[in-house]
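Participant: Sequence:
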Amino acid sequence: MAIDFEGRVAIVTGAGRGMGRDIALSLARRNARVVINDYGGGVSTLKAGGIDVAQAVVDEIAAFGGQAIADASDVGADGSAAAIVDTALAAFGRVDILVNNAGGNRGDTIDALDDAQVMGLLRTNFIGGYMLLRRCWPHMRDQGFGRIVNIMSSAMLGRSGTAAYAAAKMGLLGVTNVAAIEGEPYDIRVNGVLPVGNTRLVGGLTEQALIDWMANFPPHLVGEAVAYFCSAECRETGEFYSVGAGRVARNAIFNATGFHDAALTAESLAAHIDTARDMTGSTLMRHSADENASFFGVAPWPLP
1 MAIDFEGRVA
11 IVTGAGRGMG
21 RDIALSLARR
31 NARVVINDYG
41 GGVSTLKAGG
51 IDVAQAVVDE
61 IAAFGGQAIA
71 DASDVGADGS
81 AAAIVDTALA
91 AFGRVDILVN
101 NAGGNRGDTI
111 DALDDAQVMG
121 LLRTNFIGGY
131 MLLRRCWPHM
141 RDQGFGRIVN
151 IMSSAMLGRS
161 GTAAYAAAKM
171 GLLGVTNVAA
181 IEGEPYDIRV
191 NGVLPVGNTR
201 LVGGLTEQAL
211 IDWMANFPPH
221 LVGEAVAYFC
231 SAECRETGEF
241 YSVGAGRVAR
251 NAIFNATGFH
261 DAALTAESLA
271 AHIDTARDMT
281 GSTLMRHSAD
291 ENASFFGVAP
301 WPLP
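Numbering-wise, full-length UniProt numbering puts 144 at position 144 of the sequence shown, and it's gapless, one number per residue.
Calculated directly from the structure, the hints in this document are not laboratory data. Just so you know, these numbers come straight off a predicted model, no measurement behind them. Please note: incorrect hints may appear among the correct ones.
Unchecked claim - Now the in silico label distances, taken between C-beta atoms and shown as ranges: (1) G281 / G50: 51 to 57 Å; (2) L89 / F64: 21 to 27 Å; (3) M1 / R286: 22 to 28 Å; (4) E182 / G107: 31 to 37 Å; (5) P302 / G7: 46 to 52 Å; (6) A289 / L157: 21 to 27 Å; (7) G93 / F295: 44 to 50 Å; (8) N216 / A91: 33 to 39 Å; (9) Q67 / G281: 49 to 55 Å; (10) S288 / R134: 18 to 24 Å; (11) D187 / G297: 34 to 40 Å.
Here a beta-carbon is modelled for each residue, glycine too, at the ideal position from N, C-alpha and C.
Could you build the full structure based on these sequences and the hints that come with them?
Facilitator: If you want it as C-alpha coordinates, here you go:
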(Lines of atoms letter the chains of each structure in order from A; the text may use other names.)
(Lines give C-alpha, C1' and ligand atoms only; values in the text may rest on other atoms or scores of the structure.)
Protein backbone atom coordinates (compact mmCIF):
# COMPACT_ATOMS: atom_id res chain seq x y z
CA MET A 1 0.00 0.00 0.00
CA ALA A 2 1.54 3.28 -1.11
CA ILE A 3 0.51 6.32 0.91
CA ASP A 4 -0.18 9.31 -1.33
CA PHE A 5 -1.08 12.87 -0.30
CA GLU A 6 -2.06 14.05 -3.79
CA GLY A 7 -4.45 16.98 -3.38
CA ARG A 8 -3.68 17.41 0.33
CA VAL A 9 -2.18 20.50 1.94
CA ALA A 10 -0.11 20.24 5.09
CA ILE A 11 1.17 22.76 7.61
CA VAL A 12 4.29 21.67 9.48
CA THR A 13 5.62 24.00 12.16
CA GLY A 14 9.26 24.05 13.13
CA ALA A 15 9.94 22.46 9.75
CA GLY A 16 13.18 24.20 8.90
CA ARG A 17 15.47 21.73 10.63
CA GLY A 18 15.58 18.44 12.49
CA MET A 19 12.49 16.28 12.78
CA GLY A 20 10.21 18.99 11.42
CA ARG A 21 12.21 19.09 8.21
CA ASP A 22 12.09 15.31 7.88
CA ILE A 23 8.34 15.28 8.50
CA ALA A 24 7.84 17.90 5.80
CA LEU A 25 10.04 15.98 3.36
CA SER A 26 8.16 12.73 4.02
CA LEU A 27 4.88 14.45 3.20
CA ALA A 28 6.19 16.32 0.17
CA ARG A 29 7.76 13.20 -1.34
CA ARG A 30 4.28 11.69 -1.25
CA ASN A 31 2.81 14.66 -3.15
CA ALA A 32 1.53 16.82 -0.30
CA ARG A 33 1.81 20.55 -0.77
CA VAL A 34 3.47 21.83 2.38
CA VAL A 35 3.66 25.08 4.32
CA ILE A 36 7.15 25.08 5.83
CA ASN A 37 6.82 27.13 8.99
CA ASP A 38 9.98 28.02 10.88
CA TYR A 39 10.87 31.32 12.47
CA GLY A 40 14.54 30.46 12.08
CA GLY A 41 15.56 31.03 15.69
CA GLY A 42 17.33 29.06 18.38
CA VAL A 43 16.24 25.99 20.32
CA SER A 44 15.66 28.10 23.45
CA THR A 45 12.64 29.72 21.69
CA LEU A 46 14.11 33.17 22.42
CA LYS A 47 16.59 33.87 19.61
CA ALA A 48 15.08 35.65 16.63
CA GLY A 49 15.61 34.36 13.14
CA GLY A 50 14.30 34.84 9.61
CA ILE A 51 12.76 33.11 6.62
CA ASP A 52 16.00 31.65 5.22
CA VAL A 53 15.76 28.45 7.28
CA ALA A 54 12.25 27.66 6.02
CA GLN A 55 13.10 28.70 2.47
CA ALA A 56 16.00 26.25 2.36
CA VAL A 57 13.56 23.36 2.90
CA VAL A 58 11.20 24.79 0.29
CA ASP A 59 14.10 24.81 -2.17
CA GLU A 60 14.98 21.24 -1.21
CA ILE A 61 11.42 20.13 -1.92
CA ALA A 62 11.30 22.03 -5.21
CA ALA A 63 14.48 20.24 -6.29
CA PHE A 64 12.66 16.90 -6.38
CA GLY A 65 9.54 18.37 -7.98
CA GLY A 66 7.47 18.98 -4.85
CA GLN A 67 5.46 22.03 -3.87
CA ALA A 68 6.01 24.06 -0.71
CA ILE A 69 5.94 27.61 0.58
CA ALA A 70 7.94 29.19 3.39
CA ASP A 71 6.47 30.91 6.42
CA ALA A 72 8.58 32.53 9.14
CA SER A 73 5.85 33.21 11.70
CA ASP A 74 6.74 32.61 15.34
CA VAL A 75 4.03 30.14 16.40
CA GLY A 76 4.06 31.52 19.94
CA ALA A 77 3.31 35.10 18.90
CA ASP A 78 -0.15 36.65 18.84
CA GLY A 79 -1.77 36.40 15.43
CA SER A 80 0.64 33.80 14.08
CA ALA A 81 -1.93 31.01 13.88
CA ALA A 82 -4.18 33.05 11.62
CA ALA A 83 -1.21 34.16 9.53
CA ILE A 84 0.05 30.60 8.99
CA VAL A 85 -3.37 29.31 7.95
CA ASP A 86 -3.85 32.32 5.68
CA THR A 87 -0.53 31.47 4.02
CA ALA A 88 -1.77 27.93 3.32
CA LEU A 89 -5.10 29.12 1.95
CA ALA A 90 -3.57 31.82 -0.23
CA ALA A 91 -0.97 29.47 -1.71
CA PHE A 92 -2.89 26.20 -1.96
CA GLY A 93 -6.57 26.90 -1.22
CA ARG A 94 -7.13 24.44 1.62
CA VAL A 95 -5.74 22.85 4.81
CA ASP A 96 -5.91 19.09 5.36
CA ILE A 97 -3.01 18.28 7.68
CA LEU A 98 -1.45 20.01 10.67
CA VAL A 99 1.73 18.86 12.38
CA ASN A 100 2.40 20.88 15.52
CA ASN A 101 6.13 20.29 15.74
CA ALA A 102 7.59 23.68 16.71
CA GLY A 103 9.07 23.81 20.18
CA GLY A 104 12.13 24.24 22.30
CA ASN A 105 13.35 24.17 25.86
CA ARG A 106 15.48 26.12 28.31
CA GLY A 107 16.60 23.45 30.72
CA ASP A 108 16.55 24.68 34.31
CA THR A 109 14.99 23.88 37.66
CA ILE A 110 11.39 24.80 38.51
CA ASP A 111 12.12 28.14 40.17
CA ALA A 112 15.11 29.23 38.05
CA LEU A 113 13.29 30.67 35.03
CA ASP A 114 11.67 34.09 35.22
CA ASP A 115 8.01 34.61 34.34
CA ALA A 116 8.75 35.77 30.79
CA GLN A 117 10.86 32.69 30.10
CA VAL A 118 8.16 30.36 31.42
CA MET A 119 5.45 32.05 29.36
CA GLY A 120 7.67 31.95 26.28
CA LEU A 121 8.04 28.19 26.62
CA LEU A 122 4.31 27.71 27.17
CA ARG A 123 3.44 29.87 24.16
CA THR A 124 5.81 28.10 21.79
CA ASN A 125 5.25 24.53 22.97
CA PHE A 126 1.54 24.62 23.77
CA ILE A 127 -0.49 27.78 23.23
CA GLY A 128 0.77 28.36 19.69
CA GLY A 129 -0.05 24.82 18.63
CA TYR A 130 -3.47 24.96 20.27
CA MET A 131 -4.29 28.22 18.51
CA LEU A 132 -3.15 26.80 15.18
CA LEU A 133 -5.31 23.72 15.68
CA ARG A 134 -8.29 26.01 16.35
CA ARG A 135 -7.63 27.98 13.18
CA CYS A 136 -7.37 24.83 11.05
CA TRP A 137 -10.41 23.22 12.64
CA PRO A 138 -13.30 24.85 10.73
CA HIS A 139 -11.63 24.11 7.39
CA MET A 140 -11.14 20.46 8.28
CA ARG A 141 -14.63 20.15 9.73
CA ASP A 142 -16.35 21.73 6.73
CA GLN A 143 -14.50 19.52 4.21
CA GLY A 144 -15.02 16.35 6.27
CA PHE A 145 -11.35 15.47 6.58
CA GLY A 146 -8.40 16.41 8.72
CA ARG A 147 -5.30 14.89 10.24
CA ILE A 148 -3.55 16.53 13.19
CA VAL A 149 -0.36 15.25 14.78
CA ASN A 150 0.88 16.93 17.94
CA ILE A 151 4.58 16.38 18.55
CA MET A 152 5.03 15.86 22.27
CA SER A 153 7.88 14.63 24.45
CA SER A 154 8.67 12.01 27.06
CA ALA A 155 9.67 15.00 29.21
CA MET A 156 5.98 15.37 30.03
CA LEU A 157 6.27 12.12 31.99
CA GLY A 158 8.86 13.78 34.22
CA ARG A 159 12.43 14.90 33.60
CA SER A 160 14.45 17.22 35.80
CA GLY A 161 14.99 20.67 34.34
CA THR A 162 11.98 20.66 32.01
CA ALA A 163 9.02 21.80 34.14
CA ALA A 164 7.60 24.46 31.80
CA TYR A 165 8.35 22.40 28.69
CA ALA A 166 6.80 19.29 30.26
CA ALA A 167 3.70 21.24 31.33
CA ALA A 168 3.28 22.53 27.78
CA LYS A 169 3.57 19.08 26.23
CA MET A 170 1.12 17.64 28.76
CA GLY A 171 -1.27 20.40 27.76
CA LEU A 172 -1.10 19.06 24.22
CA LEU A 173 -2.15 15.66 25.57
CA GLY A 174 -5.41 17.13 26.85
CA VAL A 175 -6.07 19.03 23.63
CA THR A 176 -5.36 15.89 21.58
CA ASN A 177 -7.88 13.86 23.58
CA VAL A 178 -10.65 16.45 23.30
CA ALA A 179 -10.00 17.21 19.62
CA ALA A 180 -10.12 13.48 18.85
CA ILE A 181 -13.58 13.23 20.42
CA GLU A 182 -14.95 16.35 18.73
CA GLY A 183 -13.32 15.58 15.39
CA GLU A 184 -14.39 11.97 14.93
CA PRO A 185 -17.76 12.76 13.28
CA TYR A 186 -15.89 14.79 10.64
CA ASP A 187 -13.08 12.29 9.98
CA ILE A 188 -10.62 14.54 11.80
CA ARG A 189 -8.08 12.20 13.40
CA VAL A 190 -5.85 13.64 16.10
CA ASN A 191 -2.88 11.82 17.59
CA GLY A 192 0.28 12.55 19.53
CA VAL A 193 3.85 11.43 18.90
CA LEU A 194 6.59 11.29 21.53
CA PRO A 195 9.68 11.21 19.30
CA VAL A 196 13.33 10.47 19.85
CA GLY A 197 15.55 11.86 17.12
CA ASN A 198 19.19 12.82 16.81
CA THR A 199 18.71 16.55 16.15
CA ARG A 200 20.17 19.85 17.34
CA LEU A 201 17.93 19.67 20.43
CA VAL A 202 20.33 17.03 21.77
CA GLY A 203 23.40 18.73 20.35
CA GLY A 204 24.69 19.66 23.80
CA LEU A 205 25.40 16.08 24.83
CA THR A 206 28.89 15.49 26.19
CA GLU A 207 28.86 11.85 27.36
CA GLN A 208 30.27 9.73 24.54
CA ALA A 209 28.12 6.68 25.30
CA LEU A 210 24.97 8.81 25.01
CA ILE A 211 26.21 10.43 21.82
CA ASP A 212 26.85 6.98 20.35
CA TRP A 213 23.42 5.74 21.45
CA MET A 214 21.65 8.71 19.85
CA ALA A 215 23.16 7.71 16.50
CA ASN A 216 20.48 4.97 16.48
CA PHE A 217 17.75 7.62 16.17
CA PRO A 218 17.88 9.27 12.71
CA PRO A 219 15.08 11.84 12.55
CA HIS A 220 13.84 10.71 9.13
CA LEU A 221 12.37 7.60 10.79
CA VAL A 222 10.19 9.88 12.91
CA GLY A 223 9.15 11.65 9.72
CA GLU A 224 8.01 8.37 8.20
CA ALA A 225 5.87 7.49 11.22
CA VAL A 226 4.28 10.93 11.30
CA ALA A 227 3.49 10.65 7.59
CA TYR A 228 1.37 7.60 8.38
CA PHE A 229 -0.55 9.43 11.11
CA CYS A 230 -1.20 12.25 8.60
CA SER A 231 -2.67 9.90 6.00
CA ALA A 232 -6.20 8.88 5.12
CA GLU A 233 -5.09 5.33 5.92
CA CYS A 234 -4.74 6.32 9.58
CA ARG A 235 -7.96 5.47 11.41
CA GLU A 236 -6.52 5.79 14.92
CA THR A 237 -7.43 8.88 16.93
CA GLY A 238 -6.84 10.15 20.45
CA GLU A 239 -3.75 7.96 20.79
CA PHE A 240 -0.12 8.58 21.66
CA TYR A 241 2.92 6.80 20.26
CA SER A 242 6.58 6.62 21.21
CA VAL A 243 8.59 6.79 18.00
CA GLY A 244 12.32 6.36 17.51
CA ALA A 245 14.98 4.11 15.95
CA GLY A 246 12.26 2.50 13.82
CA ARG A 247 10.19 1.50 16.87
CA VAL A 248 6.57 2.66 17.18
CA ALA A 249 4.71 1.83 20.40
CA ARG A 250 1.50 3.14 21.88
CA ASN A 251 1.51 4.93 25.23
CA ALA A 252 -1.65 5.13 27.31
CA ILE A 253 -3.13 6.05 30.69
CA PHE A 254 -4.54 3.27 32.86
CA ASN A 255 -6.65 3.28 36.03
CA ALA A 256 -6.02 0.76 38.80
CA THR A 257 -8.79 -1.19 40.51
CA GLY A 258 -7.92 0.75 43.63
CA PHE A 259 -8.88 0.67 47.29
CA HIS A 260 -12.40 1.44 48.51
CA ASP A 261 -13.59 2.40 51.98
CA ALA A 262 -16.98 4.10 52.22
CA ALA A 263 -15.80 5.72 55.45
CA LEU A 264 -12.35 6.61 54.09
CA THR A 265 -9.94 8.30 56.45
CA ALA A 266 -6.35 9.39 56.05
CA GLU A 267 -5.41 6.54 58.35
CA SER A 268 -7.28 3.86 56.39
CA LEU A 269 -5.66 5.07 53.18
CA ALA A 270 -2.24 4.96 54.82
CA ALA A 271 -2.91 1.33 55.73
CA HIS A 272 -4.01 0.40 52.20
CA ILE A 273 -2.01 2.68 49.93
CA ASP A 274 -0.33 -0.34 48.31
CA THR A 275 -3.75 -1.60 47.21
CA ALA A 276 -4.58 1.81 45.74
CA ARG A 277 -1.28 1.75 43.82
CA ASP A 278 -1.51 -1.83 42.53
CA MET A 279 -1.88 -1.76 38.73
CA THR A 280 -2.88 -5.43 38.42
CA GLY A 281 -6.07 -5.61 36.34
CA SER A 282 -5.90 -1.91 35.46
CA THR A 283 -8.20 -0.43 32.81
CA LEU A 284 -7.39 1.75 29.80
CA MET A 285 -8.66 5.32 30.17
CA ARG A 286 -9.47 6.74 26.74
CA HIS A 287 -11.77 9.55 27.81
CA SER A 288 -13.06 11.40 30.86
CA ALA A 289 -16.15 9.17 30.74
CA ASP A 290 -13.95 6.11 31.31
CA GLU A 291 -12.53 7.68 34.44
CA ASN A 292 -16.03 8.51 35.71
CA ALA A 293 -17.20 4.97 34.96
CA SER A 294 -14.43 3.57 37.17
CA PHE A 295 -16.47 4.74 40.17
CA PHE A 296 -19.65 2.88 39.19
CA GLY A 297 -18.63 -0.22 41.15
CA VAL A 298 -18.66 1.73 44.42
CA ALA A 299 -21.12 4.49 43.48
CA PRO A 300 -23.72 2.97 41.10
CA TRP A 301 -25.29 5.23 38.49
CA PRO A 302 -28.86 6.00 39.68
CA LEU A 303 -30.57 5.66 36.29
CA PRO A 304 -31.37 2.31 34.59
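Participant: A separate judgement is required for each hint: does it hold in the structure or not?
Facilitator: To see whether the hints hold, each was checked on the structure:
no., hint, result
1, G281 / G50: 51 to 57 Å, "holds (55 Å)"
2, L89 / F64: 21 to 27 Å, "holds (25 Å)"
3, M1 / R286: 22 to 28 Å, "holds (27 Å)"
4, E182 / G107: 31 to 37 Å, "holds (34 Å)"
5, P302 / G7: 46 to 52 Å, "holds (51 Å)"
6, A289 / L157: 21 to 27 Å, "holds (24 Å)"
7, G93 / F295: 44 to 50 Å, "holds (49 Å)"
8, N216 / A91: 33 to 39 Å, "holds (37 Å)"
9, Q67 / G281: 49 to 55 Å, "holds (52 Å)"
10, S288 / R134: 18 to 24 Å, "holds (20 Å)"
11, D187 / G297: 34 to 40 Å, "holds (35 Å)"
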